[in-house]
Structure formats: C-alpha cells, structure tokens
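Numbered according to mature numbering (1 follows the signal peptide of the UniProt record, and there is no 0), the sequence shown spans residues -32 to -1, 1 to 557.
Hints are computed from structural coordinates only; laboratory data are not their basis. There could be a bad hint or two in this list.
Unchecked claim - SDA-like cross-link-like pairs, simulated, lysine to any residue; straight-line CA separation at most 20 Å:
#1 Lys472 x Asp167
#2 Lys319 x Thr221
#3 Lys117 x Leu209
#4 Lys319 x Thr131
#5 Lys405 x Glu417
#6 Lys405 x Leu426
#7 Lys78 x Asp362
#8 Lys369 x His448
#9 Lys319 x Glu235
#10 Lys107 x Asp213
#11 Lys72 x Tyr380
#12 Lys266 x His289
#13 Lys236 x Ile306
#14 Lys117 x Arg154
#15 Lys208 x His289
#16 Lys369 x Glu456
#17 Lys311 x Thr271
#18 Lys95 x Lys107
#19 Lys232 x Lys266
#20 Lys266 x Glu278
#21 Lys80 x Ala453
#22 Lys369 x Thr355
#23 Lys472 x Asp290
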Amino acid sequence: MLLYIHLIFMHTHERILSMLLILHECFGDVLGFCDNGTYDDSVNTYQLLADYIKFSVDYKVDPCEDFYQFACGNWKRNTKEEPPYGGEISSLQKLDQNFEEQQKKLLRSKTKSDSKAIQLARDFYQKCVSAEEAWNSTKTSGIIYVMEKIKEFGVFPMLSEDTVDEAKLNASFDLMWLLAYFNQNRTVLHRIAPRIVRDRYMDKAEISFYPSRDVFSFLAEPYAGKLKEQFTEFLLSLMKLIAEDIGVNYHETFAPPHILELQKFMEKLHAIPVPNLELLLPNDNYFDYESDFRNLSKVDRTTYSVNWTEYFLLVAPEEVHDYILEDPEVLVPDDRYIERFNKVLSEASPKTITNYVMVQYILSWLPLLEERYSRLVQMFAANAGETVPTARDDLCFFEAKEHFELAITSMYARSASKKVPKSLIENMVIGILKEFKGQIEESKWMDNEFKEVVLLKLHKLRWKLLDDELFYNNAALDAHYSDYAGMENLSFLHAEEWLTHKNKIQSFIRLIEIRDAKAEFENFSVMGYRANAYYYRPSNMINMYVCVISQTGRSRGSLHALYWLSSEKLNPIWDSPWRCRFSQKGISH
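Throw the hints in and build the complete structure from the sequences for me.
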C-alpha cells in the first residue's frame, strides 16, 4: 500500500499523528479523482492521499507544540492563492467543483439510462434547465403556475384591481386554514408556522415553533435603513412583474400601500427577541436537547387564533395523526416570546397577514422562475449579503441533488468505475489499523497510560465497507424510487411541487420512526453516504483533514485554520500553539 510505504519513512510520533489524521472517527470526506476507472483506482487514490499529506504536513514541527503548523504548515507555504474578502479557500474546493461538474455532465446526457431512477433524475434536471425555454415557447410564465395556486385559495389583496371588502375578509378570516393551505407542500412561513427539525446526533425528529434565521432578519436592525428601502423597491418591482405576466393593471391595484403595511408588520415580527435561538445550532434544521419543551395542547391554548393540533391534522399525513393526537412534546420559545408574538398578530389586519403569507409563498418559488425573476432575487440577496446560485444549471443541480441524491450518486459511480472488490479495500484498512496499533505499542515517547488511552480509542474505532448494491443494481435502485412513478409526465414546477410535498411527508414520518442505530450503521442510505476510515470507489471518497485559509472580513489579514470535517459541521482548530492532552474520553483540544 502506497500510504503505508509513505508512512514508514516518518518518525514514530509523526506516523501516529498522521494516522490519527486519517483514521479519526469524526473526520469527514475528501474526494479524489482518477480518470482511468479501473480496479487500480483505490491504489491511485491512496497515492493522492499520500501526496496530499506530503503537500500539507510539516514534519519539522513537533505536533504537540503546534499541531496546526504540523498538519498544515507545508500547505500554507504551497498555497499561493488569497481568499476573497469574507471568503475562504481550501483543498476541498477544487475537488468539489470537479465532482459537481462531472455529475452535471452526466445529468445533461441525452443517452437513455437502463435505470428508471437515473432517468427520472436526468429528466427532472433537464426540465429545470430548459424551463424558461418551455415557457417562452408557449408564451406563458412560470409565475402563472404560482398565482393559480393562490387564486385557488382566494383573493390576493395586494394585486387585486377591486377594493378589498375588509369587513367581509375579517368575518371569514381563518389564520389556521391560511397557514395550512400555503404550507402543505413546503414550510414557507418560518416566522409563524412550525416545522420539523432533528437532533443532529440522534437523528430524532421533533416539532419546533422556533422561528428560523432568514434573509429578512435585517428588518429588526435599527441601522438597516438603506436595506429596508431596497426591500421596498424589491417588492414593488416584483409586483409590477407579476401584474404584467398575469394581465393585471398594476396602477389599478393597491400594491404600494399594501407593501408598506406588510413591511411594518414584518419589522414587528422580526423584532421579537427569540430566546436561546442558538439552541437550534448553526443549522436551523437541528435542535439541542436543552431547548424548551412543552405539550402541543399547551401551545394551542397560548397561540393567537390557531389550534395547532388541528393544523397538523390538516398538513401531516394520516400515518402521523395518532402521534399528533397523543399530545406530543414540542420545541417552543418561552412565554414572553409567545405573548409578544400574539400581540403582533392581533394588531395586524387579516388583509396584511393574508398579503404576508401569499408574498412569502411567492418568494419561495422565485429562484425557480424565469431569469427576470431569479435576477431580481439575486440582486436583493447580494444587497443583503446572502449568496444564491446565479447560474440556472447550478440551481437545477442543487434541486436535483435534493430530490435524487442516491440516483445521482449511483449515476456517477457507474460512470467512474466498475464494482470494486470489497476484500481489496478491507485488507487495506486492516493493514493500516494493524500498523497503527503496532506503532503505538512500540512508541518510546508515550508512557503506558498514554498508550492505554490511544489503544482504547483505536479499539472503539468503527469502520465498515458500506453495501453498494443500490449503486450498481438497477432493480434495487429503481425499487428505492418505486413511488416516484408518474412524475415523468409532470411539468417542471408541478414536478418540483410534487417532490417537495413528498419530502415534507417524509419529514413528518420521521416523527414516528423507531430508530435502530445498529441497523442504520449497516445501511449507507441513512448515513447520508458518509463513511469513515476507508476509500470507497463508487462515491470516490476517503476521510482526512482539510486546511483552510479564510478572510474573516473583520481585518485585513488572513485567518488560517485546520478543520476536522464531520457530516454536519466544521470544527476549527485555529492557528495557535496546541498542546496534546489525553484522557479516558480520548483526545481533547
């Protein structure tokens, strides 16, 4: 093994630390690319790994004196690029871009696949890319599909050419039905409507009433006057575009005053302090068990105008209804937040709340529409400091990956190589682990207590070659997507809505799933295609560390960091002296 040969020329403590870099169970994945697609791919990728270690590691540095310099010293010297302001560069970026481009190329292929699942993924991607061309050929617009959904519910006050009868609207207004209708396929109202979130570590799903962080958080900032003006202009421009496309005389509508009322409502909504928002963790889809829980029935009795139990019975699949009726515990902010939330809602008119819900629904579709709509989003997002895909094929690739990740991974695997014998990879991993254990036992610079801790850590190290049957077997892969039958005849936006609704149903099903950790470890599809301590050819990945240079935006200098990659977050070890400390729980930083 080339990696083994490379390691034996290091000093003992360097070999051990290098193996730790490769084998530590919390490391993430680095993609390596080989062009020949043969059974030698695994050897070639270990060569890439060995070369990367040589390119990055500075063996002249004692790792217990300065671990960052040991791990990334040569990488810093060999990397001449400077990151953009507020951005970063890393050894993964070029590989990620290469990987994405290869997958896009395969998705663009006109060759019909023998796998129905792969063909569905290709068809969806190609429909997305060519959607504007299809709309132009029929002299229509994607926004018409969105506005028809709104029309099915009722009048959109903001673009109505007739004066809205507010007395009639107030008498018939039902916030629960309004929220249920527009959140049935996707949760678009993260400031009002609850959603499903997961514990990052246990993968347990819960209902959360915490509002998410979103692009409109600037509305609560006192010094964001310029951005608020740009938001007003954005909404005015958007309504003019929509009016033109649906055949409404914009000047006969009440859009300008309605937009001002809407913005004031949103400012009040976003100004409500959210207690312990950080408990949702950096990604809003996850929560921490320190979050506040209470029974759903208690939230029903405290939240303005909405019986949330009935709301969930409207939007959740029937399989989850018994769970909802059992009055489950849900994640909620504190009572003070709920009181202020109720006050803001009670002071707003039904007309304003209706406009708010419908505008949020429209905004959720904008990036998928014609260029004149997506460009409007991009311009405002840039002003707000947010990043959105600017190229249509990038956007379509992200959408396709969200809905067909397994099929696209399988498509790439088949193009890259044939099935790799597991025995070859198993022998490599066993050899590395055996060498690692031997180096620790023979070490002269570790005392016995130190060795015992490291060997215990090594003994607990789990690794497994994941079953790649779904990657190469058409019957197994197509069975995984068997309930997608019929969507190939849908238009792009209809297919997107159908798939999004399906994803939302699955998120509800997670509430009642009984998780079997051992079984999930056996099943790669639940593990998110992540693997530890081995090279896996179909997904072309191997675990290791990544060096990063980041421009923080707070100073003119660069910030260097070493990242342990895990599947959900990056854990930085900053550019500073780092002492090796060990305990029975393992290594701490």
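Here is what the structure says about each hint:
{"no.": "1", "hint": "Lys472 x Asp167", "verdict": "holds (17 Å)"}
{"no.": "2", "hint": "Lys319 x Thr221", "verdict": "holds (14 Å)"}
{"no.": "3", "hint": "Lys117 x Leu209", "verdict": "holds (18 Å)"}
{"no.": "4", "hint": "Lys319 x Thr131", "verdict": "holds (12 Å)"}
{"no.": "5", "hint": "Lys405 x Glu417", "verdict": "holds (15 Å)"}
{"no.": "6", "hint": "Lys405 x Leu426", "verdict": "holds (8 Å)"}
{"no.": "7", "hint": "Lys78 x Asp362", "verdict": "holds (19 Å)"}
{"no.": "8", "hint": "Lys369 x His448", "verdict": "holds (15 Å)"}
{"no.": "9", "hint": "Lys319 x Glu235", "verdict": "holds (17 Å)"}
{"no.": "10", "hint": "Lys107 x Asp213", "verdict": "holds (10 Å)"}
{"no.": "11", "hint": "Lys72 x Tyr380", "verdict": "holds (10 Å)"}
{"no.": "12", "hint": "Lys266 x His289", "verdict": "holds (18 Å)"}
{"no.": "13", "hint": "Lys236 x Ile306", "verdict": "holds (14 Å)"}
{"no.": "14", "hint": "Lys117 x Arg154", "verdict": "holds (13 Å)"}
{"no.": "15", "hint": "Lys208 x His289", "verdict": "violated (42 Å)"}
{"no.": "16", "hint": "Lys369 x Glu456", "verdict": "holds (17 Å)"}
{"no.": "17", "hint": "Lys311 x Thr271", "verdict": "holds (10 Å)"}
{"no.": "18", "hint": "Lys95 x Lys107", "verdict": "holds (17 Å)"}
{"no.": "19", "hint": "Lys232 x Lys266", "verdict": "violated (30 Å)"}
{"no.": "20", "hint": "Lys266 x Glu278", "verdict": "holds (13 Å)"}
{"no.": "21", "hint": "Lys80 x Ala453", "verdict": "holds (17 Å)"}
{"no.": "22", "hint": "Lys369 x Thr355", "verdict": "holds (18 Å)"}
{"no.": "23", "hint": "Lys472 x Asp290", "verdict": "holds (18 Å)"}
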